[in-house]
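Q: Sequence:
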Amino acid sequence: MPSKNVQELLGDKAAFLLEHKCSTIDQAQLSLPSPNHVEEIWINSNRNNQVLRSLQQILSHGRLANTGYCSIFPVDQGIEHSAGSAFAPNPIYFDPENIIRLAVEGGCNAVASTFGVLGIMSRKYAHRIPFIVKINHNELLSIPNRYDQTLFGSVRAAWNMGALAIGATIYWGSTESIRQLKEIAEAFELAHELGMATILWCYTRNNGFKVDGVDYHTSADLTGQANHLGVTLQADIIKQKLPTNNGGYLAIKQGKTNPLVYERLTSDHPIDLCRYQVANCYMGKVGLINSGGESKGASDLTTAVETAIINKRAGGMGLILGRKAFQRPFADGVDLLHAIQDIYLDKDITIA
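For the sequence shown, the numbering used here assigns the number 1 to the initial residue and increments by one for each residue that follows.
There could be a bad hint or two in this list.
Claimed, not checked - List time: in silico DSSO-like cross-link candidates among lysine-lysine, alpha-carbon distance up to 30 Å:
1. Lys-182 <-> Lys-21
2. Lys-256 <-> Lys-241
3. Lys-13 <-> Lys-347
4. Lys-296 <-> Lys-253
5. Lys-241 <-> Lys-21
6. Lys-4 <-> Lys-241
7. Lys-13 <-> Lys-296
8. Lys-253 <-> Lys-241
9. Lys-285 <-> Lys-256
10. Lys-210 <-> Lys-241
To be verified - Label pairs and their calculated CB-CB ranges:
11. Pro-35 <-> Asp-268: 20 to 26 Å
12. Leu-181 <-> Glu-8: 21 to 27 Å
13. Gly-116 <-> Gly-11: 40 to 46 Å
14. His-81 <-> Asn-48: 17 to 23 Å
15. Thr-175 <-> Asp-268: 40 to 46 Å
16. Glu-39 <-> Glu-176: 21 to 27 Å
17. Glu-186 <-> Lys-124: 28 to 34 Å
18. Ile-143 <-> Lys-13: 38 to 44 Å
19. Gly-11 <-> Pro-259: 47 to 53 Å
20. Glu-19 <-> Ser-85: 19 to 25 Å
21. Ser-23 <-> Ala-185: 35 to 41 Å
22. Ala-83 <-> Ser-60: 20 to 26 Å
23. Pro-259 <-> Ile-178: 25 to 31 Å
Honestly, the hints are just simulated from the structure, not real lab data.
Every residue gets a Cβ at the ideal spot worked out from N, C-alpha and C, and that includes glycine.
Make the full structure from the sequences, and use the hints.
A: Set out below in structure tokens:
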């Protein structure tokens, strides 16, 4: 049985999340996270030896080292949402060194942040924790706001600072997505040539995904397709928000789906919805890491643990959690990161 602390934290959701058995996509069909992930998956691919080494270094670092699972600490909210909105709750994170320190002391596999954050501290830390440079961002200072991802630097600059990987976002469904697709495809190709791994933030973005007051941006079917587009671009890891509903394709009445997606391949259970996201990552061959989401205060620990359980039991590779950790005192942030890592280390929390 999972630890008593986990069960108490989950409260009346404990049985719902810990005892669920998936009857949609059987776990036997999945490539599950493994200590031998690189040898089992990527050794057969077109990734060169340098990329294999970079992936292995990321998966061999931190408290989850050599488990096949991954805990990444991301901080690009200073660009995406404004530095004030991100760091006012804890101003020490205006200093980039504290961002990296939290990832190090939090036992993360890697730290993902901007060119500026990682570049200004690269000589001190690039050999101490894997760097993932987020190469594009959504700048929200312009009027009116434009929900677009723009490159902030070059792949070669990320390589020069010692990064083992680059990360990027594509807003699938947006009017700018075709340009973003081309930019990131070229960036990923160069990153692989230089020996860096690639991580794609596969977010959906279109006002048409809101229908009759229901927001389908995180529906399992739409985010699943976003994941499938991401692995087609040869992302080595996919980052996706946890699904909150389903039926986006049916609601927007555009694009093609199949009734079996809803009758056989998914259910209303959050683990089954997340498993559909995993299935769209080439049945788990490309690892799925789910987002930790925004900070809401006292409920953050419970929500983060729930997300980790859903991701792990669905067949995902881990969590990429930022605001819940850095928008609180440093030591509490470390404890929260350790708490979610403990879910992946707990052998009693198994694949559903």
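Q: State for each hint whether it applies.
A: Outcome of the hint check:
Simply put, Lys-182 and Lys-21 have alpha-carbon atoms about 40 Å apart, too far for the 30 Å limit, and the pair is violated. Simply put, Lys-256 and Lys-241 have alpha-carbon atoms about 22 Å apart, close enough for the 30 Å limit, and the pair holds. Restraint check: the Cα-Cα separation between Lys-13 and Lys-347 comes to about 19 Å, which is no more than 30 Å; the hinted pair holds. A hinted pair counts as satisfied when its Cα atoms are at most 30 Å apart, and Lys-296 with Lys-253 does not qualify at roughly 33 Å.
With a CA separation close to 22 Å, the supplied pair Lys-241 and Lys-21 stays within the 30 Å bound. Annotation: proposed proximity of Lys-4 to Lys-241 holds, straight-line Cα distance about 28 Å (limit 30 Å). Of the supplied pair hints, the one linking Lys-13 and Lys-296 holds, its CA atoms being roughly 19 Å apart against a limit of 30 Å. Between the alpha carbons of Lys-253 and Lys-241 the distance comes to roughly 22 Å, so the proposed pair stays at or under 30 Å and holds.
For the hint linking Lys-285 to Lys-256, the alpha-carbon distance of about 24 Å falls within 30 Å, and the restraint holds. Using a Cα cut-off of 30 Å, the hinted pair Lys-210 and Lys-241 holds, with the two alpha carbons roughly 16 Å apart. The given range of 20 to 26 Å is broken by Pro-35 and Asp-268, whose C-beta atoms sit roughly 33 Å from each other. The given range of 21 to 27 Å is broken by Leu-181 and Glu-8, whose C-beta atoms sit roughly 45 Å from each other.
Taken as a hint, the range 40 to 46 Å holds for the pair Gly-116 and Gly-11, whose Cβ atoms sit roughly 41 Å apart. At roughly 36 Å, the beta carbons of His-81 and Asn-48 sit outside the given window of 17 to 23 Å. Distance hint for Thr-175 and Asp-268: a CB-CB separation of about 32 Å, inconsistent with the stated range 40 to 46 Å. Between Glu-39 and Glu-176 the C-beta distance comes to about 38 Å, which lies outside the given range of 21 to 27 Å.
Range check, Glu-186 to Lys-124: Cβ separation about 31 Å, and the 28 to 34 Å hint holds. Checked against the hint of 38 to 44 Å, the pair Ile-143 and Lys-13 passes, with Cβ atoms roughly 42 Å apart. The supplied range of 47 to 53 Å is broken by Gly-11 and Pro-259, whose beta-carbon atoms lie about 36 Å from each other. A beta carbon spacing of about 39 Å between Glu-19 and Ser-85 contradicts the range 19 to 25 Å that was offered as a hint.
At roughly 37 Å, the beta carbons of Ser-23 and Ala-185 sit within the given window of 35 to 41 Å. Ala-83 and Ser-60 have their C-beta atoms about 33 Å apart, which leaves the hinted 20 to 26 Å range violated. For the hinted restraint 25 to 31 Å between Pro-259 and Ile-178, the CB-CB distance of approximately 29 Å keeps it satisfied.
The earlier numbered hints that this structure contradicts are 1, 4, 11, 12, 14, 15, 16, 19, 20, 22.
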